[in-house]
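Asks: Let the sequences and hints guide you as you build the complete structure.
Each chain, written out:
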Amino acid sequence: MTGTVLDTLVPAETPEGILLELRPSGLCARACAFLLDMLIRFMIFSLLTTVIALLGALGPAILLIMLFLLEWLYPVAFELTRWGATPGKRALGLKVVMDNGLPITPAASLTRNLLRVADFLPFMYGSALVCMLIRRDFKRLGDLAAATLVVYEARETRKAQLPQVEPLAPAIPVALQDQAAVIALAARAPRLTGERLDELAALAAAVSGDAGGAGPEVTRRVLGVAQWFLGRRSP
Amino acid sequence: MTPIQFEQLYERDWEELRQLLAQMHGRRYGQERLTVHGERVAALYRRTCEHLALARARFYPAYLVERLEQITSDAHQAIYQHSELGIGRLARLFSRDFPRAVRAHAGFVWTAAALFVVTSLALGLLVYFRPELILSVADAGTVAQYDQMYSKAAQEIGRPGGAGSDWGMFGFYIRHNVGIAFQCFAAGLFAGVGTLFYLAYNGALIGAVAGYLTERGLAATFFAFVVTHSAFELTAIVLSGAAGLRLGYSLLAPGRQTRLQSLVKAARESIVIIYGVSALLLIAAAVEAFWSSAGWIPLAVKYSVAALCWIAVISYLTLQGRRAN
Numbered sequence: 015m016t017g018t019v020l021d022t023l024v025p026a027e028t029p030e031g032i033l034l035e036l037r038p039s040g041l042c043a044r045a046c047a048f049l050l051d052m053l054i055r056f057m058i059f060s061l062l063t064t065v066i067a068l069l070g071a072l073g074p075a076i077l078l079i080m081l082f083l084l085e086w087l088y089p090v091a092f093e094l095t096r097w098g099a100t101p102g103k104r105a106l107g108l109k110v111v112m113d114n115g116l117p118i119t120p121a122a123s124l125t126r127n128l129l130r131v132a133d134f135l136p137f138m139y140g141s142a143l144v145c146m147l148i149r150r151d152f153k154r155l156g157d158l159a160a161a162t163l164v165v166y167e168a169r170e171t172r173k174a175q176l177p178q179v180e181p182l183a184p185a186i187p188v189a190l191q192d193q194a195a196v197i198a199l200a201a202r203a204p205r206l207t208g209e210r211l212d213e214l215a216a217l218a219a220a221v222s223g224d225a226g227g228a229g230p231e232v233t234r235r236v237l238g239v240a241q242w243f244l245g246r247r248s249p
Numbered sequence: 002m003t004p005i006q007f008e009q010l011y012e013r014d015w016e017e018l019r020q021l022l023a024q025m026h027g028r029r030y031g032q033e034r035l036t037v038h039g040e041r042v043a044a045l046y047r048r049t050c051e052h053l054a055l056a057r058a059r060f061y062p063a064y065l066v067e068r069l070e071q072i073t074s075d076a077h078q079a080i081y082q083h084s085e086l087g088i089g090r091l092a093r094l095f096s097r098d099f100p101r102a103v104r105a106h107a108g109f110v111w112t113a114a115a116l117f118v119v120t121s122l123a124l125g126l127l128v129y130f131r132p133e134l135i136l137s138v139a140d141a142g143t144v145a146q147y148d149q150m151y152s153k154a155a156q157e158i159g160r161p162g163g164a165g166s167d168w169g170m171f172g173f174y175i176r177h178n179v180g181i182a183f184q185c186f187a188a189g190l191f192a193g194v195g196t197l198f199y200l201a202y203n204g205a206l207i208g209a210v211a212g213y214l215t216e217r218g219l220a221a222t223f224f225a226f227v228v229t230h231s232a233f234e235l236t237a238i239v240l241s242g243a244a245g246l247r248l249g250y251s252l253l254a255p256g257r258q259t260r261l262q263s264l265v266k267a268a269r270e271s272i273v274i275i276y277g278v279s280a281l282l283l284i285a286a287a288v289e290a291f292w293s294s295a296g297w298i299p300l301a302v303k304y305s306v307a308a309l310c311w312i313a314v315i316s317y318l319t320l321q322g323r324r325a326n
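Chains as they are written, first to last, in my numbering: chain E, 15 to 249; chain G, 2 to 326.
The set of hints was computed from the structure by calculation and includes no laboratory data. Only a predicted model underlies this, so the values are computations on that prediction, with no experimental measurement involved. Some hints could be false.
[Said to hold, decoys possible] Derived SDA-like pairs (lysine to any residue); straight-line CA-CA distance at most 25 Å:
#, chain 1, residue 1, chain 2, residue 2
1, G, 266, E, 73
2, G, 266, E, 220
3, G, 266, E, 187
4, G, 266, G, 223
5, G, 266, G, 284
6, G, 266, E, 55
7, G, 266, E, 120
8, G, 266, E, 94
9, G, 266, E, 141
10, G, 266, E, 114
11, G, 266, E, 63
12, G, 266, G, 111
13, G, 266, E, 247
14, G, 266, E, 77
15, G, 303, G, 223
16, G, 266, E, 104
17, G, 266, E, 33
18, G, 266, E, 25
19, G, 266, E, 87
Replies: Right under this line is the structure:
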């Protein structure tokens, strides 16, 4: 399949021998998440400053310790929750996982966040930028050392609604992959405009014996064949 | 078997697994968190994995495969997650893992210590014989402050007049010192060069200040101030340097692994040292803020406590956690 060449999916094998596909997040989404987190940290800090001003003598100590915690442990604390992501990452639908797709461990989270210092050098996350751009899985240095990956969280998939048309026997023998392609087309039908659906169905018209044809009637027949591939038969 | 039959046949298993997982996680689905039978979850998970493999091999429609992928990946996460946090883990860390990790990195520790000590001695002697050189590591204002901080008249040693309370300094030391230690560690990622630089730099700075104050005749107050907390602080800086050197070395000499594998292994093993370093620096900050700066404690007491601290730290690192269990 040509699609696999362009994809940045990272396969992670489970002990059961199946491959889970992780979708690493690119530079832009991560930069946005980072900026959001900066903003949140800044807001927490300004809130703290106002509250702590009322505390008197102990104030500066608490403030400095809070600053330290915000600087170093803010990402760690949030990555160890069950969402595995800081608020900024969650807002963008990202999360941090181990290379094998499991939730991040405390050691790995600490490693990747302490090594942020190295990523920051020489200035403004220069190393992280270069490292992320030359890798297919967009890891920064901290991710490399901690064996972690920032991925898009899987969306809830809803059950596909195939258009209900009369099942139709295929006119020619069709290989399994091609059957899957025809079914995939039918599953996408509700999200396509009528014209686009006709165009795409015309490419598959051979399966219903309408090779070369196009138009709503051909589309209906192709969708009928899709129903047949799924296993529906006319009553 | 057609996709529809397949779905009808196994749908119930998938739904059951999904519901059990939802129960495990609880809150998200607005349900109560219930204990579920691990055995049942594991069995259903393995079965669903099998279904996913079948669905892929038979080129079943994408929506079906995606649905199975989602269920299996949720279950995978729930079943294989580690729980590393907890009091037991923390106790094990300090009673065993941290000192063992330090001893396992003995070569790196000695290298880091040697670099640190040699640069501080060199700069110390240099500045002692040519005091004007202190101006090349600190500006005149800061130097004047050193004079004032460690003068015999200072009520609170080691901090500029009018600086915050003990607590304020405690906060400052934590932030400042832990920052230096983390930097020392992380910079190791650049083939260890960054760590070498930070170790030498901090060694030089401390040596220069010590040399300068000795030349000015303030050695007594200065050493009485630093001797106690340095047991924790200098050890911690050297240890974080050792952890950083380990990172760098893993990249330079990966052995029979790829550089990446070697780095991952080095990071996993050396981060244990960093846990311990953070704890040491916390102690150091407390000692520095509340004990070292107190001018009213007699020197004899300070030096005896300092000796005890040094002995405690060194014997902890060399002896603790040696017994097999």
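Asks: Flag every earlier hint the structure violates by its number, smallest first.
Replies: Violated hints (numbers, rising): 1, 2, 3, 4, 5, 6, 11, 13, 14, 16; every other hint is consistent with the structure.
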